[in-house]
Structures are given as C-alpha cells and as structure tokens.
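Visitor: Protein sequence lines, in the order shown, are assigned to chains A and B.
Under our numbering, the first residue of the first sequence carries the number 13, and numbering increases by one thereafter.
Under our numbering, the first residue of the second sequence carries the number 57, and numbering increases by one thereafter.
Hints may be right or wrong, so weigh each one.
Dumping the calculated DSS-like pairs for lysine-lysine here, alpha-carbon to alpha-carbon at most 27 Å [as the list claims (entries may be wrong)]:
(1) A/207 x B/226
(2) B/226 x A/32
(3) A/366 x A/207
(4) A/76 x B/104
(5) A/32 x B/104
If you are wondering where the hints come from, they were derived from the structure by calculation, not from laboratory data.
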Amino acid sequence: MSDAKGAIIELRKICMAFAKRSGELLAVLDDINLSIHDGEILGLLGRSGSGKSTLLRIAGALIKPTSGEVLYRSKPLLEPAAGIAVVFQTFALFPWLTVLENVEAGLDALGLPRDESRQRAQDANDLIGLDGFQSAYPRELSGGMRQRVGFARAIATRPDVLLMDEPFSALDVLTAETLRTDFLDLWEEHQLPTKSVLMVTHNIEEAVLMCDRLIILSSNPARIAAEIPITLARPRNRLDEEFGNIVDNVYSVLTARTVASLGAFAQTHEALARPLPPASVNRMSGLIEILVAAPYGGQAELDRLASSLALEINDLFPIAEGLHILEFAELKDRALKLTAAGRVFANSDTDERKRLFREHLLRFVPLSAHICRVLRERKQGRAPRLRFEIEMEDHLSRRDSERTLRAVIAWGRYAELFAYDDKSRTFSVIANAG
Amino acid sequence: MATQAAARARLSLPSLIPARLTRVLPPALLDVGWYGLVLLAVAYLAWKLLQSAGAELSWTDASEAARDGGITLLRVAVLIVLATLIWVPVGVAIGLRPRVAEKVQPVAQFLAAFPANLLFPVAVYLIVRFQLSPVIWLSPLMILGTQWYILFNVIAGASAFPTDFREAAKAFRIGGWRWWRNVILPGIFPYYVTGAITASGGAWNASIVSEVVSWGPTRLNGLGLGAYIAQMTEAGDYPRIALGIATMSVLVVAMNRLLWRPLYAYAERRTRLD
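Could you build the full structure based on these sequences and the hints that come with them?
Guide: Structure representation (structure tokens):
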C-alpha cells in the first residue's frame with residue numbers, strides 16, 4: 013500500500029494517541045501506512061470521530077504523530093512546508109482581514125516582493141471566482157464565498173499538495189455542489205498548480221465523485237480498513253449506473269466494517285464502554301414503524317431507505333445502529349432487518365413499548381444496567397454523572413463518552429429506568445420504581 | 057464583567073423598574089422622564105456646589121487643577137503604554153499554553169487583588185536611597201495594582217483564540233512580526249481593550265494614594281491631580297476637594313468616551329464573523 017513510487021507524501025507506521033483524563037493513553041490511529049501519489053485526488057473516508065482529520069493534520073505536519081514518520085518528497089517532514097497547503101472545514105479565515113489580505117497572509121512566508129504577492133493573490137481570487145470581492149471582509153460573505161477564499165488562499169501558494177479537511181461539509185447542499193463542480197473543473201482542466209490532493213470526507217457520494225482512490229478507515233483506533241481505486245472516467249455523473257454501483261460498493265465496505273467493529277467491541281473492550289450512537293427513541297420507533305409497513309415488510313436497504321426518507325445516510329446510520337445495539341433490528345451488509353422483538357414493538361401500545369424497550373435496554377446495553385446497579389447500591393439512590401464519565405473515559409475518547417452518556421440518559425429516561433437532572437448532573441432512582 | 061459593563065455603560069434606565077410599568081407607559085416616555093430626573097438632580101447638585109465652593113475658588117485654582125490633571129493624564133497614558141508593551145507579549149505567550157495559563161491565571165488575579173500600597177514604603181526607601189526624582193519614580197506605583205488586568209485579560213484572550221486560526225497560521229507558516237500584526241494582536245484586541253479600560257480607570261484612582269507617599273517622616277510629592285486631591289483632603293479644604301474630584305471625573309469620563317469606548321466598538325466589530 014505504501015509504494016514509494018511517485019509518492020509526494022508518504023506516511024509510515026503512523027500511530028497517534030491522546031492522553032485521557034486519567035492520564036492513560038487512548039489510541040486514535042494505529043499503524044497507518046499510506047502515500048499520496050503524484051496526480052491523484054486521494055480520499056480519506058470514515059465515520060465521524062475515526063481520526064481522519066487527525067491523520068490529515070499529521071500529513072501536513074500540523075501535529076506530530078506519537079510514532080511513525082511523514083516523508084515529503086522523500087525527506088522527513090517535521091514542520092509545515094511551502095509546498096503543502098490546507099483548506100479547513102471551518103474556513104479559518106481571519107475576520108479582521110479582507111478577502112485579498114487573507115489570501116496575501118497565506119503568501120507571507122514565501123517572502124515574495126509586494127507586487128508579486130498581490131498579483132498572485134489576485135490571480136488566485138480570479139481563478140476561484142472571487143473577483144469583485146477583494147475588499148470584502150469574511151463576515152460580509154456567504155459560507156460558499158468564504159470557502160472560496162479558503163481555496164484561493166491555499167492555491168495562491170502554488171502548492172504541490174492540497175490537504176482538504178471536509179471542505180464542503182459546512183456548506184448547504186447546493187453551495188457544496190457548486191463548489192465541488194468548480195473545483196473539479198479546474199482540476200480536470202489542469203488549471204490548478206497542485207499535483208495531488210488529500211481530502212477527508214464522510215460523504216460517500218462526494219468521495220466517489222471527486223477521488224481517484226479511497227482509503228477507508230475503521231474506528232477505535234483507526235486502521236486502514238480498505239483501499240478502493242475509482243477508475244471512473246471524468247467528468248463523472250452521479251446518475252450513471254456505474255457511479256451508483258461504486259457508491260453501493262463503498263457503502264457496503266463501510267457498513268460491514270461498522271458491524272464488524274460493533275461485534276469486535278463487545279469482545280475486545282469492556283462491554284460497559286461500548287459507544288452508543290446519537291439515536292433518539294422517537295427516531296428509532298419511527299424507523300421501526302416505517303420498516304414494518306409496506307413496501308418494506310420488515311427489511312430494507314439503507315441507502316434506499318435514506319433516499320426515500322430524504323435523510324442523509326449519515327443521519328440514518330446512527331438510528332439503524334441504535335436499533336442494532338438494542339436488537340430491535342439487525343444491521344447486515346447494507347440492509348436493516350427487524351427482529352421478532354422489533355415487530356412486537358411495532359404492534360404494541362405505549363406502555364408495552366416502554367416495557368419492551370426497558371427489557372432490551374437492560375439486557376443489551378450493559379451501561380444502563382450498571383447505572384441502575386450503582387444507584388441501587390447507594391443509600392440516597394443518587395450518583396453524579398462524573399462518576400460514570402471517569403469510568404467511560406478509561407475506554408473511550410471524551411467525545412464518544414459524552415455522546416454515549418447522552419444516549420443512555422435519553423434511552424433510560426424513556427424506559428423509566430432512572431432519572432437524570434442536568435442541572436446538578438446527577439442520576440437518581442425513580443421514586444416509585446424498583 | 058464589570059469592566060465590560062463599564063465600557064458599555066450608559067445612562068440607561070435601571071432594570072429594577074418593573075416590566076409592568078413599561079406596559080402602561082411607552083418606553084420612550086419613560087426614557088425622557090428618567091433623563092429629566094437625572095438632569096434635575098445634576099443641576100441641583102451643581103448649583104449647591106457652586107453656591108458653597110464657587111465663592112472661594114478662583115480661576116487660578118481651576119488652572120492649577122487642570123495642569124495637575126494634565127500631568128496625571130500624561131502619567132496614566134505613559135504607564136498604560138509601558139504596561140501594554142510588557143504584558144501583552146507575556147500574556148500571549150502564557151495564554152497560548154493552556155497548561156501554563158491554568159496555573160498563571162489565578163496568580164495574576166491574586167496580584168490584582170493584592171493591596172499594592174503595602175509596597176509603597178519600599179518605593180519611598182528606594183527613591184530616597186538613590187536620590188531619584190519623585191515626579192518620575194512615584195509614577196509606577198499608580199499601575200502596580202492595576203496592570204494585572206491587562207495581563208489576565210490578554211491571557212484570557214489568547215486562551216480563547218480559535219484553534220482553527222492557530223492552525224491556519226501554522227499551516228501557512230505565518231511567523232514573526234506578521235504573526236503578531238495579522239494573527240494574534242487583532243485576535244486578542246477586544247480582550248486587551250477590556251483590560252486596559254480597567255487598568256487605566258484603576259490608575260486614576262490609585263493616583264490619589266500614590267502621587268503623595270509618606271513613610272515615617274519622609275514625604276514624597278510627585279505632583280499631579282492625585283496629589284492635589286490628597287493634599288486638599290488632608291487640609292480639609294472642601295471646595296478644592298470638590299474641584300479636584302470634578303476635574304478627575306471629567307477626565308476619566310472623557311477618556312472613556314473619546315478613547316476606550318470607540319476602541320472597544322472597533323475591536324468588537326473587527327473580530328466579529330457574523
């Protein structure tokens with residue numbers, strides 16, 4: 013996977029770990045080897061929190077890996093280099109500088125004469141479609157125009173490599189599509205000074221539309237799960253059958269990975285610390301009802317489900333995952349299939365649903381049973397949230413543990429397993445419940 | 057908090073007035089009534105003051121107070137500039153290192169609360185020992201207690217500086233003077249202004265105790281409006297105390313209105329993204 017031939021940037025045996033609250037290390041990236049080749053757009057795809065953005069920052073020497081090395085043109089890269097430019101998800105424009113000044117600020121380090129620097133900045137702005145906005149401040153621009161400034165700033169430095177961290181994900185759907193198309197036009201017409209692009213994304217269609225090669229990361233810690241070359245001719249058309257097939261294929265690789273890692277988690281980690289997805293009870297019961305009804309009859313392919321519900325796959329996924337964890341449905345390949353319990357749930361009234369949900373929650377989410385046990389053991393029947401946070405953070409990142417606790421609180425409240433007061437951040441037993 | 061309130065302070069209706077009242081009367085009418093009340097009170101007090109003190113004061117007194125005010129104004133300005141040159145770089149260096157900031161921030165806040173006048177005798181001793189000019193060397197005492205507001209506001213600003221801005225600066229290798237000018241200084245500017253407002257206001261107050269300092273039999277007079285007020289207070293000269301305090305109030309309010317408030321508004325406008 014890491015052949016050095018034609019590689020502009022090469023990552024070797026990259027590992028990254030962050031210190032947890034307890035002082036222990038939490039591995040985020042584990043033994044990542046990859047190279048960015050001359051002339052390609054390489055996509056990094058993975059679920060949120062999988063460490064993609066961390067990997068991109070390591071590739072640009074913005075942060076140092078715990079171990080492993082980065083080579084840029086076969087030499088170790090220890091600090092950000094002139095030939096590497098970054099486009100940020102949040103645009104990262106300085107609000108006190110105008111569009112032109114922001115782009116010029118990116119050229120500062122090149123030490124060009126003032127005239128040339130201005131000329132370059134103006135050229136980049138013209139190329140990216142910012143002419144006329146030179147003297148505007150970022151706050152006067154829409155999100156799309158702001159990201160154009162982000163692109164112009166990067167391109168003005170005439171980099172070999174462009175590192176793009178989810179560059180379109182903070183934009184609305186239409187704006188993102190316009191920017192993508194504009195970028196691809198420039199890329200395909202070889203109008204950009206850039207030789208290679210590394211792009212982080214969680215949007216599968218975007219990845220297939222733009223990239224020549226995809227690296228799929230698993231999570232907790234991230235490893236390279238798969239590498240998928242995309243040889244589709246450019247310009248690509250989303251409506252092509254082949255395009256759809258590739259999206260399906262990528263999708264199934266990603267899903268299979270997730271299901272495998274869900275299973276693996278129970279074995280490799282303490283079951284308590286299994287991360288829970290942000291799925292509300294309402295959405296989960298809604299999904300069960302949709303699945304049980306026609307035309308699905310208890311089973312559906314996720315991508316079809318998503319498009320018929322007008323949901324992003326990324327929004328649907330946590331809900332499906334929640335059902336899978338609670339064993340109301342089974343997530344396999346790219347399909348979601350109701351279990352017997354899921355069917356019973358669909359045909360029950362409110363009280364019966366609560367009872368069923370409580371049973372499943374206690375049985376399949378050890379954390380909820382654990383919280384109940386702790387509360388029972390305490391005299392006043394109360395326990396601070398911090399107690400569980402500390403326990404969780406031995407196994408999970410802060411973000412995951414936060415998300416997991418939020419999910420278990422919402423689920424536990426619905427099931428009337430325990431009460432939670434957010435003001436005092438304490439769990440307590442419900443007054444008249446066992 | 058208090059400093060931000062000071063920066064934006066206006067003569068506005070206190071919120072104590074029950075909301076019910078605003079339902080009965082239109083807010084504009086309430087405003088007019090309130091301003092009228094304030095104006096009446098001010099006019100009455102001014103008249104009383106002129107009646108009792110005006111007879112005793114001459115134009116010489118006024119020009120003396122104005123000259124002393126000028127000296128103290130100059131002193132405040134120079135000291136704020138010096139404190140800025142020292143504490144802004146230090147505060148930035150600390151604020152960008154979260155671990156250090158965590159430890160230094162409470163220390164800076166303690167220093168701000170520490171009664172600086174406990175150190176005045178040391179200054180008197182040094183000035184006498186080395187035969188220094190009190191007019192110059194008493195000045196630093198004014199800012200001893202309040203310079204820390206600049207430090208901890210700058211620390212707070214640098215700590216709050218967005219990570220993506222830092223990453224962008226790093227990625228595009230913006231360094232040296234350009235980094236100060238284009239990246240960090242504009243970023244912490246609103247915080248700095250907040251600190252400087254407090255520091256300068258505090259310095260004005262401190263001038264009353266720091267422009268005339270005594271330790272045992274030694275008494276040093278540094279000249280200035282603070283010294284003027286302190287001396288008149290000692291002498292129990294009410295008309296001149298009133299004159300001194302009025303002059304100081306006018307100068308402080310003028311400084312807030314003409315310098316700090318516009319600066320704050322400018323800072324806030326520039327760092328806003330929406």
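Visitor: Could you run down the list of hints and mark each one as holding or not?
Guide: Hint-by-hint comparison with the structure:
1. A/207 x B/226: holds, 22 Å
2. B/226 x A/32: Roughly 25 Å between the alpha carbons, so the hint for residue 226 of chain B and residue 32 of chain A holds.
3. A/366 x A/207: violated, 57 Å
4. A/76 x B/104: Violated - the C-alpha atoms of residue 104 of chain B and residue 76 of chain A are around 72 Å apart, more than 27 Å.
5. A/32 x B/104: violated, 68 Å
In this structure, the earlier hints numbered 3, 4 and 5 are contradicted, and the remaining ones agree with it.
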